[in-house]
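For the record, the sequence lines run as chains H and F. Residue numbering for the first sequence follows this note's numbering, beginning at 1 and increasing consecutively. Residue numbering for the second sequence follows this note's numbering, beginning at 1 and increasing consecutively.
The hints are simulated quantities; they were obtained by calculation from the structure and are not laboratory data. Please note that a few of the clues may not be correct.
[Unchecked claim] Okay, derived cross-link-like pairs now, PhoX-like style, lysine-lysine, Cα gap no bigger than 25 Å in a straight line:
| id | chain 1 | residue 1 | chain 2 | residue 2 |
| --- | --- | --- | --- | --- |
| 1 | F | Lys92 | H | Lys64 |
| 2 | F | Lys64 | H | Lys92 |
| 3 | H | Lys92 | F | Lys92 |
[Unchecked claim] Computed footprint of chain H on chain F; a stretch qualifies when at least three of its residues, placed anywhere within it, have a C-beta under 8 Å from a C-beta of chain H:
| id | segment |
| --- | --- |
| 4 | 5-11 |
| 5 | 35-43 |
| 6 | 53-62 |
| 7 | 77-84 |
| 8 | 119-128 |
Ideal placement from N, C-alpha and C gives every residue a C-beta, glycine not left out.
So the chains spell out like this:
2 protein chains.
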Amino acid sequence: MKIYFACSISGGREHEGIYQQLVKVLLLLGIDVPTAHIADTGIEEIDGREAPGDIYQRDVDWIKDCDLLVAEVSTPSHGVGYEIGYALNLGKPVLCLYSQAVAVSKMITGNPHPRLTVLTYQNQQEAENLLREYLSAFRT
Amino acid sequence: MKIYFACSISGGREHEGIYQQLVKVLLLLGIDVPTAHIADTGIEEIDGREAPGDIYQRDVDWIKDCDLLVAEVSTPSHGVGYEIGYALNLGKPVLCLYSQAVAVSKMITGNPHPRLTVLTYQNQQEAENLLREYLSAFRT
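Build out the structure end to end from the sequences listed, making use of the hints.
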């Protein structure tokens, strides 16, 4: 199974700890996560040195190639919003997770697409549990 | 002419003054802007009271009905990123404007879609001029 993990990069890294835990859960389940590096500390500097067109093409190719997309949407991001729509358009299932402490765009929480699942968590442990449960239901 | 103006609501209102000026330019040109109210001060509270599904449906209907989309992308936003992709998918021209003082997602700046124009400005006057020039070229 291949999962595209999406999170804010240039929009802010306040929730980086959660990104790293979610990616860890995916990798420990043996899932291929081509974007695993975007959870790393310092990614915004590395990303900043790459040509925009190269990043765009690489990321849409990865979305096309994945089985589903998992997005952490607690920190606003144009890129993640775009990627969610891109994946849904391709018919890929999308899971969005966000902290109950933040307000998330209603273009995400109000989207009735049947392949979109939007869940909110109180803490890191609940976020991990929601991810595991979603994947478990998806795999059966 | 009908233009969908897009900007951050729940993601933050740091650039609200620019949103209001850009909407003013559009309205003074006699353009119909169904989303003009999202530039208003206090919109995040009004928006917060609306049902997410209603906001989503209203906004995608407005995108379908518009001639083009103008987005101010200085403040990250899942909704705006989603709307940009949605409009491009429908073949609508999209103009993104952002302040040179900020880093914008490479999923926006690196997107090679022929109908997408991404421009950066140094100050409010330049933002207004870029918008007027874009519309002028679009209308001829």
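Verification of the hints:
At most 25 Å may separate the alpha-carbon atoms for a hinted pair to count; Lys92/F and Lys64/H meet this at roughly 23 Å. Using a Cα cut-off of 25 Å, the hinted pair Lys64/F and Lys92/H holds, with the two alpha carbons roughly 23 Å apart. For a cut-off of 25 Å, the pair hint linking Lys92/H to Lys92/F stands: about 23 Å separates their Cα positions. A stretch counts as covered by a chain when three or more of its residues have a beta carbon under 8 Å from one of that chain; for the segment 5-11 of chain F and chain H the count is 4, and the coverage holds.
Residue count for the segment 35-43 of chain F with a Cβ under 8 Å from a Cβ of chain H: 0. That is fewer than the three needed, and the coverage hint is violated. Only when three residues or more bring their CB closer than 8 Å to a CB of chain H does the claim for the segment 53-62 of chain F stand; here the count is 6, and the claim holds. Given a C-beta distance limit of less than 8 Å, the hint that chain H covers the segment 77-84 of chain F holds, as 8 residues qualify and 3 suffice. With 0 residues having a Cβ less than 8 Å from any Cβ of chain H, the segment 119-128 of chain F misses the three-residue criterion, and the hint is violated.
The structure does not agree with the numbered hints 5, 8 stated previously, though it agrees with the rest.
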